[in-house]
Amino acid sequence: MSAAGYFAIDRSEPGIWRATFSNPPINLLPPAAITELQAIITAAEADAFVRVMVFDSADSDFFIAHFDTAKAAEMSREPGWSGHSPWIDVVIRLSRSPVISIAKISGRTRGVGSEFVLACDMRFASRQRAILGQPEVGVGLPPGGGALEWLPRLVGRARALEIVLSGDDFRADVAERYGWINRALDDHALGPFVDDLARRLASFDRETLGEIKTLVNRVGVPDGDAIETSNRAFFDALARTAAQARRSQLAGMGYGERSDFELNFGRRLPDLQPGAAPVLSAARPT
Amino acid sequence: MSAAGYFAIDRSEPGIWRATFSNPPINLLPPAAITELQAIITAAEADAFVRVMVFDSADSDFFIAHFDTAKAAEMSREPGWSGHSPWIDVVIRLSRSPVISIAKISGRTRGVGSEFVLACDMRFASRQRAILGQPEVGVGLPPGGGALEWLPRLVGRARALEIVLSGDDFRADVAERYGWINRALDDHALGPFVDDLARRLASFDRETLGEIKTLVNRVGVPDGDAIETSNRAFFDALARTAAQARRSQLAGMGYGERSDFELNFGRRLPDLQPGAAPVLSAARPT
Amino acid sequence: MSAAGYFAIDRSEPGIWRATFSNPPINLLPPAAITELQAIITAAEADAFVRVMVFDSADSDFFIAHFDTAKAAEMSREPGWSGHSPWIDVVIRLSRSPVISIAKISGRTRGVGSEFVLACDMRFASRQRAILGQPEVGVGLPPGGGALEWLPRLVGRARALEIVLSGDDFRADVAERYGWINRALDDHALGPFVDDLARRLASFDRETLGEIKTLVNRVGVPDGDAIETSNRAFFDALARTAAQARRSQLAGMGYGERSDFELNFGRRLPDLQPGAAPVLSAARPT
Chain Z
1 MSAAGYFAID RSEPGIWRAT FSNPPINLLP PAAITELQAI ITAAEADAFV RVMVFDSADS
61 DFFIAHFDTA KAAEMSREPG WSGHSPWIDV VIRLSRSPVI SIAKISGRTR GVGSEFVLAC
121 DMRFASRQRA ILGQPEVGVG LPPGGGALEW LPRLVGRARA LEIVLSGDDF RADVAERYGW
181 INRALDDHAL GPFVDDLARR LASFDRETLG EIKTLVNRVG VPDGDAIETS NRAFFDALAR
241 TAAQARRSQL AGMGYGERSD FELNFGRRLP DLQPGAAPVL SAARPT
Chain W
1 MSAAGYFAID RSEPGIWRAT FSNPPINLLP PAAITELQAI ITAAEADAFV RVMVFDSADS
61 DFFIAHFDTA KAAEMSREPG WSGHSPWIDV VIRLSRSPVI SIAKISGRTR GVGSEFVLAC
121 DMRFASRQRA ILGQPEVGVG LPPGGGALEW LPRLVGRARA LEIVLSGDDF RADVAERYGW
181 INRALDDHAL GPFVDDLARR LASFDRETLG EIKTLVNRVG VPDGDAIETS NRAFFDALAR
241 TAAQARRSQL AGMGYGERSD FELNFGRRLP DLQPGAAPVL SAARPT
Chain S
1 MSAAGYFAID RSEPGIWRAT FSNPPINLLP PAAITELQAI ITAAEADAFV RVMVFDSADS
61 DFFIAHFDTA KAAEMSREPG WSGHSPWIDV VIRLSRSPVI SIAKISGRTR GVGSEFVLAC
121 DMRFASRQRA ILGQPEVGVG LPPGGGALEW LPRLVGRARA LEIVLSGDDF RADVAERYGW
181 INRALDDHAL GPFVDDLARR LASFDRETLG EIKTLVNRVG VPDGDAIETS NRAFFDALAR
241 TAAQARRSQL AGMGYGERSD FELNFGRRLP DLQPGAAPVL SAARPT
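Residue numbers (my numbering), protein chains in the order written: chain Z, 1 to 286; chain W, 1 to 286; chain S, 1 to 286.
Pulled out of the complex, with its shape left as it was, chain Z reads as follows (with noise of 0.2 Å):
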């Protein structure tokens, strides 16, 4: 097991990383955690041995709660080794690489939580305590980390739509049925699953899982510019006056904290809209 920052990795199987994310209160993915996971891909693909990643969080309530913005200064404009800048460069490394990711979902996993674990090849979420959402609209801004690229793909126009205008919260079942995860598994029942799943990759060839990867990537994955656009679209938005106004609600209602408020923000985004309600009653037509 070594530790190297936001990520603790197991790698007592052979041809198996477990890599378990950690950032208390509520694990909040901070820009550091993004350089983290390029490190880790890099590596993994380095070790010859290594078929399969697993990725999951110490903790049960948040796989990964959402972007840390109070961090977002923090971010590298370094481009990868796709060319993109970092985020978009982990995406694009996941989906292409011959090492096979899988997301093991517990808890909430929100925004770039969510765009994580469409980024990797297989995700299967606890039919108890997981829930996935992209809360996006709600603060007045666009998801610009893949999501607009892989849910109409995954899950056809209309979920999407679904999924990224209501910004809704939506639990394992129903994400099983759209198929925003593979499998929603009863949470005891999950461990067991995704464990015998990377040993059966683990006791494959890495060249033969590497090549038939790259052949069913000929259909259904977005390149790197698409994704880019989303992610202009929403630091474009960031600037815009009613996305600040929304955003300067989340202070005080436990934005970031291990509150009511980040246990369900799908739920209470309609909370935050900025004093709509009466000006809209008071100026339009009836």
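Hints should not be assumed to be uniformly reliable.
[What the hints assert, rightly or not] Have a look at the derived ranges for each label pair, beta carbon to beta carbon:
| id | chain 1 | residue 1 | chain 2 | residue 2 | range |
| --- | --- | --- | --- | --- | --- |
| 1 | W | Gln244 | S | Thr214 | 18 to 26 Å |
| 2 | W | Asp187 | Z | His188 | 29 to 37 Å |
| 3 | S | Arg232 | Z | Asp47 | 23 to 31 Å |
| 4 | S | Arg258 | W | Pro192 | 50 to 58 Å |
| 5 | S | Gly83 | W | Pro192 | 53 to 61 Å |
| 6 | Z | Ala58 | S | Glu78 | 57 to 65 Å |
| 7 | S | Asp271 | Z | Phe193 | 13 to 21 Å |
The set of hints was computed from the structure by calculation and includes no laboratory data.
We put the beta carbon where it would ideally sit given N, CA and C, even for glycine.
Go by the hints and put chains W and S onto chain Z.
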């Protein structure tokens, strides 16, 4: 509440238009209702406060029964805003509009009725009351208003073929499993679910909603020319002897009336076979 | 009823051919059966009364076990009607034919057996008896007959990767949830359901069925060249040492026989690992 014609529009809640379709006895869709839909979309877009349009029906047995073929000659040929003929203009405008559209489906919606809900951004249906179908094949025609373009993208080729080649009636739970609709909900839960979703959308910024939708639309939305191809095939097939022979059988069966035939149109399609079975039995080698 | 070879064809109902595959002991698919499939498609298309071909199996434990690799040398290299090699010719012709194809699956269908049902227009499977799998990865090979092209389009990338990278056995209910098959049906209901559907299709016009299928085929159907790419990768991998080492382990395990191994092929794949675990344990850093 205003009722310009076939659609009564309830504007009582800020940001939400609820358009209820009514055309007794079975909610056939006449050409004039298509013109009205074009006007409703134009008006909703012109009102900067409108975020979401919810479409439902005044008849819980029929959402939109199907096109009113008896009035086909009244169909305008005038190209709409999109440059396409009126029905395709409705499809294209709904799918590109910054105003989000939701179909709330109780009762049957077949043919152009299914194609209408497919053109809405999202669709939710009563588990007990909704039935979807594309029965065109049974009267010798290909679907011509978008089904052949939306369905393979949403439900995959094999299920799309099952839907459009069988022409059968599909209950909401199967339609949900296939991805034809977002979700099937118990009848008593459908209204509250759609209300909650519409109010969420109404609490967000129209600019953000529209921007996200535009980004999602890079994948999985058909263009007007593709639908025009099917539309021409539909009208070409109308002139074929086989289609005319099948359609001539509709008279006297309860077509267009509140009848067992219209309640079970999909199931009844094999009844329309114009004497084919005995001919086939005699002529084919054994 | 005629039995030209591996497929017994029942033409007793107008418009419907029922082709039952039989090759004891476990319904391996030999090269000669591929040639026979090409001839069946040609004959069905030449009979203007045929609307639908239903494929099933005489063995309720095995639909098509997998390719009969012992007879690989008998494989014709003669390009078929489509200009592609025989197997790919079958895939392309089934997917383009005006005659609609339905797979009625009881028992196991793996490897080329899964690729055969994927090439059919629709597929329905026994909830109690059907098992689908693409076990190629476990013997060091990529699937080479269409799975890598059909699956990401039908089930999405993440589930496609799970299927072809795990090589595992999948029960019908999971295959239905993923969209690999149209529906899982209780064993007693499978026959009546497919009979009803086939009779519906047989009651419609062949020209209309073919026209609708052609219009659907604008989206979601792979071209022959894409499948050829995977096919070449399959044959290239056959020559690799790793694949040969894995395949050499099959001898003596019950491969090709009515054995526990063939009944549970997908589950048993990790058994084929050629001494990799100890090597890995010794060589890899901890």
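Status of the hints after comparison with the structure:
1. W:Gln244 x S:Thr214: 18 to 26 Å: Once the Cβ atoms are compared, 22 Å apart, the range 18 to 26 Å for Thr214 of chain S and Gln244 of chain W holds.
2. W:Asp187 x Z:His188: 29 to 37 Å: 34 Å, holds
3. S:Arg232 x Z:Asp47: 23 to 31 Å: For Arg232 of chain S and Asp47 of chain Z the Cβ distance comes to about 30 Å; the hint holds.
4. S:Arg258 x W:Pro192: 50 to 58 Å: Between Arg258 of chain S and Pro192 of chain W, where Cβ atoms are some 55 Å apart, the hint holds.
5. S:Gly83 x W:Pro192: 53 to 61 Å: Holds - the Cβ-Cβ distance for Gly83 of chain S and Pro192 of chain W, about 57 Å, lies within 53 to 61 Å.
6. Z:Ala58 x S:Glu78: 57 to 65 Å: Hint holds: Cβ distance 60 Å, inside 57 to 65 Å.
7. S:Asp271 x Z:Phe193: 13 to 21 Å: Holds: the Cβ-Cβ distance is about 19 Å, inside 13 to 21 Å.
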